[in-house]
Amino acid sequence: MARLTRSWFDRDPRELAPLLLNKVLVSRDGPTVLRARITEVEAYCGSTDPASHAYRGCTPRNATMFGRPGHLYTYFVYGMHWCANVVAGAPPDDAGAVLLRAAVPIAGLDVMRARRWTGRTRESARRDIDLLSGPAKLAAAFALDRTHDGLDLTRGAIGIYDDGTPPPGSPQQTVRIGLRAGRGDREPWRWLTPSV
DNA sequence: ATTAAGATTGGCT
DNA sequence: GCCAATCTTAATA
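With this note's numbering, letter number 190 in the first sequence gets 196, and the count goes up by one each step, no holes.
These aren't lab readings, by the way, just hints derived from the structure by calculation. Any given hint could turn out to be false.
[What the hints assert, rightly or not] Restraint ranges, calculated between C-beta atoms of paired labels, are given here:
no. : residue 1 : residue 2 : range
1   : Arg192    : Thr124    : 36 to 42 Å
2   : Pro98     : Gly156    : 17 to 23 Å
3   : Arg152    : Arg62     : 20 to 26 Å
4   : Arg161    : Gly125    : 33 to 39 Å
All values derive from a computational prediction rather than experimental measurement. We treat Cβ as the ideally placed atom computed from N, Cα and C, and that holds for glycine.
Put together the whole structure using the sequences plus the hints.
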């Protein structure tokens, strides 16, 4: 498996996003190894994109987006969830990122289950396919939070790898999810690996 | 100082 | 399909 490099991430988020499909997110924590194949992503384009956290310029919260491509940008939403982005390339003083929206678990499912599902979770809701089937689910299963904001994906314990599986030749493409009307909700910048 | 909105999720009708 | 949960951030006063 080849780890993706800094220069590989240095592309416009709309180019980078579909290339991330079928890549493998890997987290190593001592004996624990988590692996998952990325299947859904969204591109966010900084100052030109009303839906982007960077639309109104650099703030303490989004500063990582203005930094180096290939780093992790994590943010807190709805008072309870974390989501994870990969910082993409952008023009000088601008920002871009790709939101990791979903993945298929490959290894470390037990750890993912323990992090995702408390005793309160209904048994019928505990399906492996739903372990990473949303941006906050993925972040929770990989334990990504404030402490991972700015983390370098090209070095260290967490990275993205090419295992030889190419991105889908014809990815599914739709408008982005969860955006307010008129706030970039018409841009078709969501890509998915076709389910079959 | 106050406030509105948020790149979501899971349980319930 | 509807809606509550939960709290940070940034904009406004």
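Are any of the numbered hints broken by this structure? If so, which, sorted upward? Hints that this structure does not satisfy do not exist here, as all of them hold.
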